[in-house]
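**Q** With the hints as extra help, turn the sequences into a complete structure.
Residue numbers (our numbering), protein chains in the order written: chain A, 1 to 263; chain B, 264 to 591.
Honestly, the hints are just simulated from the structure, not real lab data.
Values in this document were obtained by computation on a predicted structure and should not be read as measured data.
Some hints could be false.
[Claimed, not checked] Straight line, CA to CA, 20 Å or less: simulated SDA-like cross-link-like pairs of lysine to any residue:
{"no.": "1", "chain 1": "B", "residue 1": "Lys544", "chain 2": "B", "residue 2": "Asp464"}
{"no.": "2", "chain 1": "B", "residue 1": "Lys275", "chain 2": "A", "residue 2": "Gly237"}
{"no.": "3", "chain 1": "B", "residue 1": "Lys508", "chain 2": "A", "residue 2": "Ser14"}
{"no.": "4", "chain 1": "A", "residue 1": "Lys259", "chain 2": "A", "residue 2": "Leu241"}
{"no.": "5", "chain 1": "B", "residue 1": "Lys582", "chain 2": "A", "residue 2": "Leu241"}
{"no.": "6", "chain 1": "B", "residue 1": "Lys587", "chain 2": "A", "residue 2": "Gln263"}
{"no.": "7", "chain 1": "B", "residue 1": "Lys582", "chain 2": "A", "residue 2": "Met253"}
{"no.": "8", "chain 1": "B", "residue 1": "Lys544", "chain 2": "A", "residue 2": "Gly237"}
[Claimed, not checked] To be clear about the criterion: a stretch of chain A counts as covered by chain B if any three or more of its residues have a C-beta under 8 Å from a C-beta of chain B, and this derived list gives those stretches:
{"no.": "9", "segment": "126-135"}
{"no.": "10", "segment": "159-168"}
[To be verified] Label pairs and their in silico Cβ distance ranges:
{"no.": "11", "chain 1": "A", "residue 1": "Glu254", "chain 2": "B", "residue 2": "Ser322", "range": "41 to 47 Å"}
{"no.": "12", "chain 1": "A", "residue 1": "Ile240", "chain 2": "B", "residue 2": "Lys544", "range": "23 to 29 Å"}
{"no.": "13", "chain 1": "A", "residue 1": "Asn165", "chain 2": "B", "residue 2": "Ser440", "range": "50 to 56 Å"}
Idealized CB from N, CA, C, for every residue including glycine.
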Amino acid sequence: MEILVCARRVPDTSENEITLNDAGNDIERDDLVYSINEPDNYAVEEALQIVAKSGGNVTVATVGTDEDEEILRREMAMGANKAVLLSDDAFNGCDGKGIATVLKGFVQKSKFDLVLTGVQAEDGGAQVGGMLAAMLDYPFASLVNSIEVLDGKKLKIGREIEGGNREISEIDLPCVLSIQTGINEPRYVGMRGIRQVASVEIPTYGAAGLGVDSSSVGAAAANIKREDYFIPAAGKGAEILQGTNEEVADKLMELLKAKGGVQ
Amino acid sequence: MTARIFAYIAYKAGAIDDTAAELFAAARKIDAAASPTAIVVGSGPDVDAVSKNACALFSEVWKIANDSLAYPNAELVRQALVKVIPQGSVVLVPHNHFGLDLGPGLSINLNAAFVSDVVAIDGVNGATLNVVRQEFGGQVSTHVRCKLSNGIVMNVRPGAFKAAETAPINGNIVDKSAEMGTLTAKRRYLATIVPEAGDVDITKEPVLVSIGRGIGEKDNIPIAEELAEALGAAVSCSRPVVDAKWLPKSRQVGSSGQTVKPKVYLACGISGSFQHLAGLKGNPFIVAINKNPKAPIFQVADVGIVTDMLEFIPELTEKVRETKKVTA
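**A** Structure representation (structure tokens):
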């Protein structure tokens with residue numbers, strides 16, 4: 001099975017506090033640690049497990065700039081066979097539909113049986129996979145937390161729905177699935193693995209190479225524009241207990257007793 | 264504003280979802296004079312009953328009944344909606360597991376803009392609709408401008424808009440079923456699997472020691488278990504702990520896990536995403552313990568402690584044990 005995983009490099013929220021910059025119009029981007037968007041990493045792992053059983057290749061693609069190559073190399077170190085960077089000045093300022101339009105260009109110039117995305121990016125809207133599927137007229141499922149290959153033509157998938165329930169469906173190939181975290185346990189990538197792919201040439205495609213009309217992507221074509229970042233005026237918020245850990249534990253103990261927290 | 268506003272009505276076993284009234288409230292934020300149209304999709308007696316119920320709030324309810332729509336398969340629902348919704352409309356959809364399936368693709372088929380997980384609406388300004396979203400797990404918000412000219416599909420966060428208290432009205436049902444023709448899907452619903460019950464039922468526990476990413480590693484879980492034991496509480500958790508397979512799914516609090524109603528909730532190393540908070544009901548006394556003073560959990564907690572939970576919790580456990588010894 002030929003599998004494409006669409007991935008993104010995002011500020012890593014487990015490594016950074018996201019705060020506003022001094023001007024108050026963007027997040028503070030100095031010293032941010034970036035990594036692959038977490039659900040996208042699960043998607044790559046899932047793709048690797050599928051090809052390990054059923055054969056085929058895993059390609060990882062991202063829409064971005066040279067800086068984003070680092071996540072492509074990381075996913076190649078994980079085991080992806082190929083990686084491509086979709087990059088063009090015309091792509092600057094794309095909204096979700098713009099990104100989906102670029103990816104559609106790449107899917108159409110290649111041949112994939114299965115396209116995976118992460119369910120949502122840290123700064124995204126859980127939208128690109130569903131849009132891409134509709135553009136290609138492929139079936140789509142979001143929040144996928146299990147995949148079983150039934151034959152060369154369809155998959156049996158589970159989706160995470162409310163209350164811990166799982167919705168089981170059959171879906172025809174080719175299709176687009178957005179992958180939820182927890183579907184698998186992504187393998188560890190060591191420095192040695194990263195070094196091995198450090199000098200691999202990563203092909204880059206621009207609008208012309210993808211057959212994407214430049215006027216259909218980028219800031220000018222965007223339906224959605226993020227104006228700023230802000231922190232909403234806080235509500236009453238928590239009463240913060242101050243002091244050493246021991247002093248705070250004493251205060252908290254009294255509160256817990258009063259509120260029925262000690263059974 | 265001239266665009267027509269539609270609200271997709273979610274329901275389960277014939278009971279209308281809370282999001283129906285929330286979408287109505289959201290429509291009124293777009294345009295205070297809006298008279299949004301409800302769309303109820305399904306089959307059999309449920310679709311009739313829900314359509315009738317929706318008439319108490321919406322002056323017009325479009326009913327789409329079709330045998331293939333017995334289960335809300337987003338692919339089929341999308342085909343149905345595309346057949347009836349006029350170009351340039353604003354379509355409101357709840358941002359839940361169904362909305363994630365439906366919204367993005369629907370926007371492509373309607374050639375409309377798509378805006379996801381909207382938490383507030385500032386209103387229409389000329390050719391744009393201005394809304395508020397959150398990013399990075401709710402750590403920051405953003406003002407977003409959406410082009411109105413081709414219509415908008417808007418996924419609205421459940422619980423973000425307060426349903427207004429309005430007297431019931433007597434709306435009209437318009438039956439759109441005849442416009443459906445044949446609907447076919449490349450994705451077919453098979454079954455819903457209910458999770459196995461865990462060893463502990465966290466939905467019935469009055470006190471929960473709940474752990475998140477801040478627990479760091481599996482080997483630290485006994486730190487939380489010891490506190491829970493001292494308090495006579497149970498250990499629950501947020502999604503990253505289940506993703507890492509450190510605790511079973513039955514211990515997860517949140518929209519994709521369990522809904523709990525404890526008296527006291529100790530959120531330890533939990534940032535407080537809206538998906539997590541959606542599983543916390545009954546207005547418990549919330550204690551938040553987190554290293555990050557900006558964590559959204561401090562906005563909803565009653566008491567906050569800005570510290571490393573791994574250092575603080577053993578201290579607290581000791582304190583609880585001493586207290587119990589004295590009183591015993």
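**Q** With the threshold set at 20 Å, check whether the alpha-carbon distance from Lys544(B) to Asp464(B) stays at or below it.
**A** holds, 15 Å
**Q** Do at least three Cβ atoms from the segment 159-168 of chain A come closer than 8 Å to Cβ atoms of chain B?
**A** holds (count 10)
**Q** Has the hinted range 23 to 29 Å been met by the Cβ atoms of Ile240(A) and Lys544(B)?
**A** Roughly 25 Å apart at Cβ, these two residues keep to the hinted range, so it holds.
**Q** Given the hint that Lys508(B) pairs with Ser14(A), does the C-alpha gap stay at or below 20 Å?
**A** Answer holds: Lys508(B) to Ser14(A) is near 18 Å, not above 20 Å.
**Q** Hint check: Lys582(B) vs Leu241(A), CA-CA at most 20 Å. Holds or violated?
**A** With Cα atoms ~16 Å apart, Lys582(B) and Leu241(A) stay inside 20 Å; holds.
**Q** Can you confirm whether the C-alpha distance between Lys259(A) and Leu241(A) stays at or below 20 Å?
**A** holds, 16 Å
**Q** I want to verify a distance hint. Is the separation of the beta carbons of Glu254(A) and Ser322(B) within 41 to 47 Å?
**A** The hinted range 41 to 47 Å is violated for Glu254(A) and Ser322(B), with Cβ atoms some 54 Å apart.
**Q** Is it true that the CA of Lys582(B) sits at most 20 Å from the CA of Met253(A)?
**A** Judged against 20 Å, a Cα distance of about 7 Å means the pair holds.
**Q** When you check the alpha-carbon spacing of Lys587(B) and Gln263(A), does it fall within 20 Å?
**A** holds, 10 Å
**Q** If you draw a straight line from the CA of Lys275(B) to the CA of Gly237(A), is it 20 Å or shorter?
**A** violated, 35 Å
**Q** Would you check chain B against the segment 126-135 of chain A, counting CB to CB pairs closer than 8 Å, and say if three or more residues qualify?
**A** holds (count 9)
**Q** Can you tell me whether the CB distance of Asn165(A) to Ser440(B) sits inside 50 to 56 Å?
**A** Violated, at about 29 Å.
In the structure shown, a violation is registered for the earlier hints numbered 2, 11, 13, in ascending order.
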